[in-house]
Each structure stands twice: as C-alpha cells, then as structure tokens.
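Here the numbering used here runs 24 ahead of the position in the sequence shown, where the first position is 1.
None of these hints come from the bench; they were simulated from the model.
Among the hints, a few may not be true.
Using 30 Å as the maximum straight-line C-alpha spacing, the simulated DSSO-like pairs for lysine-lysine come out as follows [what the hints assert, rightly or not]:
(1) Lys105 to Lys157
(2) Lys178 to Lys157
(3) Lys247 to Lys157
(4) Lys251 to Lys157
(5) Lys251 to Lys282
(6) Lys178 to Lys282
(7) Lys59 to Lys105
(8) Lys178 to Lys251
(9) Lys102 to Lys50
(10) Lys178 to Lys59
(11) Lys30 to Lys59
(12) Lys102 to Lys59
(13) Lys282 to Lys105
(14) Lys30 to Lys251
(15) Lys50 to Lys178
(16) Lys50 to Lys30
(17) Lys50 to Lys300
(18) Lys59 to Lys282
(19) Lys30 to Lys247
(20) Lys50 to Lys251
(21) Lys251 to Lys300
(22) Lys59 to Lys247
Note that the structure is a prediction, hence the values are computed from the model and not measured.
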Amino acid sequence: MLPRPKIVADFCCDCGEGPLWHPDEKVVYWVDIPKGRLFRYDPASGASEQLLEGPAIGGYTIQTDGALLLFMAAGAIKEWKNGTLRTLVESLPGEENSRFNDVIADPAGRVFCGTMRQGGSPGRLYRLDTDGKLTMLGEGIGCSNGMGFTPDGKGFYHTDSPAHEIRLYDYDEATGAIGNGRVVVATPEDAGVPDGMTVDALGCVWTAKWDGWCMERYSPEGKLMQKVPVPAKKTSCVTFGGPDYTDMYITAARGGDKANEGPGAGALFHLNLGVKGVPEFRSRVAW
Numbered sequence: 025m026l027p028r029p030k031i032v033a034d035f036c037c038d039c040g041e042g043p044l045w046h047p048d049e050k051v052v053y054w055v056d057i058p059k060g061r062l063f064r065y066d067p068a069s070g071a072s073e074q075l076l077e078g079p080a081i082g083g084y085t086i087q088t089d090g091a092l093l094l095f096m097a098a099g100a101i102k103e104w105k106n107g108t109l110r111t112l113v114e115s116l117p118g119e120e121n122s123r124f125n126d127v128i129a130d131p132a133g134r135v136f137c138g139t140m141r142q143g144g145s146p147g148r149l150y151r152l153d154t155d156g157k158l159t160m161l162g163e164g165i166g167c168s169n170g171m172g173f174t175p176d177g178k179g180f181y182h183t184d185s186p187a188h189e190i191r192l193y194d195y196d197e198a199t200g201a202i203g204n205g206r207v208v209v210a211t212p213e214d215a216g217v218p219d220g221m222t223v224d225a226l227g228c229v230w231t232a233k234w235d236g237w238c239m240e241r242y243s244p245e246g247k248l249m250q251k252v253p254v255p256a257k258k259t260s261c262v263t264f265g266g267p268d269y270t271d272m273y274i275t276a277a278r279g280g281d282k283a284n285e286g287p288g289a290g291a292l293f294h295l296n297l298g299v300k301g302v303p304e305f306r307s308r309v310a311w
C-alpha cells in the first residue's frame, strides 16, 4: 500500500494554491488566491500560520535574497520581505479586471507569469525579465496554469486548464524565448482538469487534477504513469521540498464546502512516495 496524503495544515482555503518550499527557511509557503492570504508551514515544529491577507495572490516566486515576489490582482506585482509589503507594479494595462493565476521563475531568474480569462480580459502569458521589463508571449488562453522546465533546460511546460492540455515549448535560456508549442498531455474532459504542476528529477510531470480527486504523474512523452488519490475534489497544486526534495506538498480548494468537496478540501497535504524532486528556480528581478 502506498502512503496517502496527510493533512498538515487546514485554513479552509477557498482556493489553496502555489505550495513552494523555501530552502533558506526550511518551510512551505502557499496561498488562498481570492482572499489574498499567504501561509507558512514549518514541518520541523508542525506549526502553521497566516502571514498576509489582501488582494488576490495568483502566484509568487522566491527571490535570491529570500523575499517573495507576489503576482496579484489587476496585474499588480509586490514584494513581501520581513513582514513588509512593497508595491513594485501597481497594475497592468488590460488586466484591470483580471488577475495573475500562476507563475514560475526560470533558470536565468526571469518569471513566466500567466493570467486567467476574467472580466472581459483574455488569458495571457507574460515574461518578466530581470530588469523589470514585461513581455506578452501569448493570449487567448483559457486559464494560464501550472508551469515547469525539463531537466535539460531546453523545454518549458505550460498548462491551459479549460483546454485540458499541458503543452511543451522549446525554451532558450539565453533569451527567455519560447516556441514550437505542442500538446504532450491531453486529459479527458470527464476526469478532472489539469491545474498546478511540477517536474521531478527524472523529468516526469506531476499535475494536480481540479475536480479529479487526485494528482497524476506523466512520463516526459506524456504517458500516464501513476494516479495518486487525494481526499479533496479540487486538488490544485503540488511541489517537492524537504531536505532531499522527496517530500511532496499538495494544496486543495473549496474548504468552505467539505461535505461536497471532500474532507481535505482547502487543506495543505504532505506525502512522501520516495520520488525525488528538484529545487524550484529563484527569481532575480530588480527594479
């Protein structure tokens, strides 16, 4: 019998998302997107706490100095460091009624940041360069979601949840350019929606399944290898962490309706399957 995901913190998140291991602090951060709540869990002590509440936080990265770079409602970008929130970008033209939904730092310290279709705005994918320049890479995306990089650094994964697709793009680390997008994972419409994702040390893709009660592992060629049940209908994201990156942390949504969404709805889970992950890249964005 494989171990099952265990709840380690439960703040009844409406949309728990974005778990990320902070190697300096040896803790896990995650957010409740619509309420703009930021949380932290310390596996050594078992303690968890809420650190922030405000405008929606779609995603975030860890900067080289350990600060968190928050991507928020209306295209706002803010830095959270030592309990202080500093506004770097107030809003983005065309995103006034939308919000960021998922982001990831690349090997060079840039940030790929996606928005969702909302308030009349089409979903878009942007790249934030280390000098603060923002470039739109694509639009017409249903909901820009889970992202990752291949172990050789030549491929970039991007999830469009409403399309039920994870696409792989050729990626150039020197310039941050992407191209030649092709579908590597296409999930059935009646088996949940691919949401947040991560890539393990073998190059396999782990995707959380919104409305699917599980997370799934796919080979680099897109073959389903493993399905891990999660006691939350809207499983939203997964990441690796811990001292050897074999600890998995999983988030879920709709904590206010556990009767229909499952006993783990809105919670943070821990699981160790003996699968090794890799550290996420840090952003190096300066203004």
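Measure nothing beyond the straight line between the CA atoms of Lys178 and Lys251; if it is 30 Å or shorter, mark the hint as holding.
Judged against 30 Å, a Cα distance of about 27 Å means the pair holds.
Would the pair Lys178 and Lys282 pass a check requiring their Cα atoms to be no farther apart than 30 Å?
Judged against 30 Å, a Cα distance of about 41 Å means the pair is violated.
Does Lys105 pair with Lys157 here, judged by a C-alpha cut-off of 30 Å?
It holds: about 22 Å lies between the C-alpha atoms, which stays within 30 Å.
If you draw a straight line from the CA of Lys251 to the CA of Lys282, is it 30 Å or shorter?
Distance ~22 Å between Lys251 and Lys282 Cα, so the pair holds.
Quick one, are Lys59 and Lys105 close enough, alpha carbons at most 30 Å?
Since the Cα atoms of Lys59 and Lys105 sit roughly 19 Å apart, the hinted pair holds (cutoff 30 Å).
Against the 30 Å threshold, does the CA-CA distance of Lys247 and Lys157 hold or violate the hint?
With a Cα-Cα distance of about 37 Å, the restraint between Lys247 and Lys157 is violated, given a limit of 30 Å.
30 Å limit on alpha-carbon distance, applied to hinted pair Lys50 and Lys300
Between Lys50 and Lys300 the Cα gap is close to 17 Å, so the pair holds against 30 Å.
Would you check the hint for Lys50 and Lys251, treating anything up to 30 Å between C-alpha atoms as holding?
28 Å, holds
30 Å Cα cutoff - pair Lys178, Lys59:
36 Å, violated
Between Lys50 and Lys30, does the CA-CA distance stay at or below 30 Å?
Within the cut-off at roughly 19 Å; holds.
So if I understand the rule, the pair passes when the alpha-carbon distance is 30 Å or less; does Lys251 with Lys157 pass?
Measuring from Cα to Cα gives roughly 39 Å; hence the hint is violated.
Against the 30 Å threshold, does the CA-CA distance of Lys251 and Lys300 hold or violate the hint?
17 Å, holds
Of the numbered hints stated above, those contradicted by the structure are hints 3, 4, 6, 10, 13, 22, listed in ascending order.
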